[in-house]
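Participant: So the protein lines, in turn, are chains A and B.
First residue of the first sequence? That's 1 in my numbering, and the numbers climb one at a time after it.
First residue of the second sequence? That's 100 in my numbering, and the numbers climb one at a time after it.
The hints are simulated quantities; they were obtained by calculation from the structure and are not laboratory data.
Be aware that one or more of the hints could be misleading.
Claimed, not checked - Subject to a maximum C-alpha distance of 25 Å in a straight line, what follows is the list of computed PhoX-like cross-link-like pairs (lysine-lysine):
| no. | chain 1 | residue 1 | chain 2 | residue 2 |
| --- | --- | --- | --- | --- |
| 1 | B | K182 | B | K204 |
| 2 | B | K177 | A | K35 |
| 3 | A | K35 | B | K182 |
| 4 | B | K134 | B | K204 |
Note that the structure is predicted; figures quoted are calculated from it, not measured.
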Amino acid sequence: MILSLLLSTFLTIFIAELGDKTQLATLTMSGTSNKPLAVFLGSSTALVFASLVGALAGGSISNFVPEIILKSIASITFFILGIRIFINSFTPNEIDNND
Amino acid sequence: MNINLDKDEKKVETRFSSIFITTFTTIFIAELGDKTQIATLMLSAESGKPIIVFIGSSIALISSSLVGVLIGKWLSNKISPNKFAFFTGLLMIIISIFLAYDIIKTFI
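Produce the entire structure from the sequences given, and follow the hints as far as they go.
Facilitator: Laid out in structure tokens, this is it:
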């Protein structure tokens, strides 16, 4: 019973998350930085924390903060990050060859 | 010039924490009110076992972020860093436009 609930939760969330914007953001940041471990730890803790809020608060944050505001913040964050990475792609990259 | 040499040693440390913080904030903000969080909430309410649902969804989210990191690392080795930054930067801008469209749609 517990195991099947665990498994069904895992499958639901895992499939829903594949190709999701958060996974694409993780992909971007892991590819553009040379610290994949930092990206992995950062995104894992953020996701677990968000899921903790979802599971234990008995309500998602969107009950307290309107969804429009949450989406606006996400949209602006993605835009700033995207522009920054996009502009960086035109500057010659300084790869640390010294180590 | 000398400053650069001094900074080099610090760079590795500060970079790790700054990448960690940037990733954490971005992903956390993007995940709030996202469909997976809503799914977690619904599964938790439906089953009445929030802890099991929390464990299951945490494992799923950690695995999916691992998949994302590995694909990102693999792709960045395949193509040049500039090309990778170009396409992923463009992708993030497109995602932000879609999110903005979602917001505007509610007003129309």
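Participant: Now tell me if each hint is right for this structure.
Facilitator: Hints, one by one, checked against the model:
no.: 1; hint: B:K182 with B:K204; verdict: violated, 33 Å
no.: 2; hint: B:K177 with A:K35; verdict: holds, 17 Å
no.: 3; hint: A:K35 with B:K182; verdict: holds, 19 Å
no.: 4; hint: B:K134 with B:K204; verdict: holds, 18 Å
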